[in-house]
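Asks: Sequence:
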Amino acid sequence: MNLEFFLKFCAVIQMGIAILNLFLVRIMNWKEDLNRLPLLIREVFHVHSWFISLILTLFAVMTWRFGAEMARGTNPACTWLAGGIGIFWLFRAFLQIGYYSSSHWKGRVDRTLIHIACLIVYGGMALVYLIVWKGGGME
Numbered sequence: 003m004n005l006e007f008f009l010k011f012c013a014v015i016q017m018g019i020a021i022l023n024l025f026l027v028r029i030m031n032w033k034e035d036l037n038r039l040p041l042l043i044r045e046v047f048h049v050h051s052w053f054i055s056l057i058l059t060l061f062a063v064m065t066w067r068f069g070a071e072m073a074r075g076t077n078p079a080c081t082w083l084a085g086g087i088g089i090f091w092l093f094r095a096f097l098q099i100g101y102y103s104s105s106h107w108k109g110r111v112d113r114t115l116i117h118i119a120c121l122i123v124y125g126g127m128a129l130v131y132l133i134v135w136k137g138g139g140m141e
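In my numbering, the protein residues as written are 3 to 141.
FYI, nobody ran anything at the bench for these hints, they're computed from the structure. Each statement offered as a hint is correct.
Listed below are the simulated EDC-like cross-link pairs for lysine to aspartate or glutamate, each with C-alpha atoms no more than 16 Å apart in a straight line:
no.	residue 1	residue 2
1	K10	E71
2	K136	E6
3	K136	E71
4	K33	E45
Here the structure is a predicted model, which is why all the values come from computation and not from measurement.
Start from the sequences, fold in the hints, and give me the full structure.
Replies: What follows is the structure, encoded as structure tokens:
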């Protein structure tokens with residue numbers, strides 16, 4: 003198993019999600035809905051979106067730069083970074099299942115496929131990072 007390859011793949015996916023997140027309002031056509039909210043809630047929503055994108059960009063850059071060290075498991079800081087990122091994605095995968103109402107996707111093939119794809123991507127990234135965290139150096 004080439005953990006470094008999977009980590010680099012995760013870095014690319016995270017960068018893609020970070021960029022996608024910046025355009026989510028436009029993609030999901032949420033502008034009107036957001037404009038109906040009080041200004042403070044709208045501002046908090048935008049700030050949180052920017053910070054999620056920043057965090058995912060940092061995860062991607064750190065993984066890209068230190069993927070080899072993470073995979074080898076010889077640097078405790080890299081191993082713990084992988085663990086933290088893995089827990090982040092595991093929590094996100096659980097939210098995909100446990101928080102979102104099925105009314106958003108049930109009965110709609112396109113949204114169901116997106117829901118399943120998100121679960122696979124988030125869970126897959128969690129798995130890669132947690133394998134590195136718990137068993138780094140398995141290359």
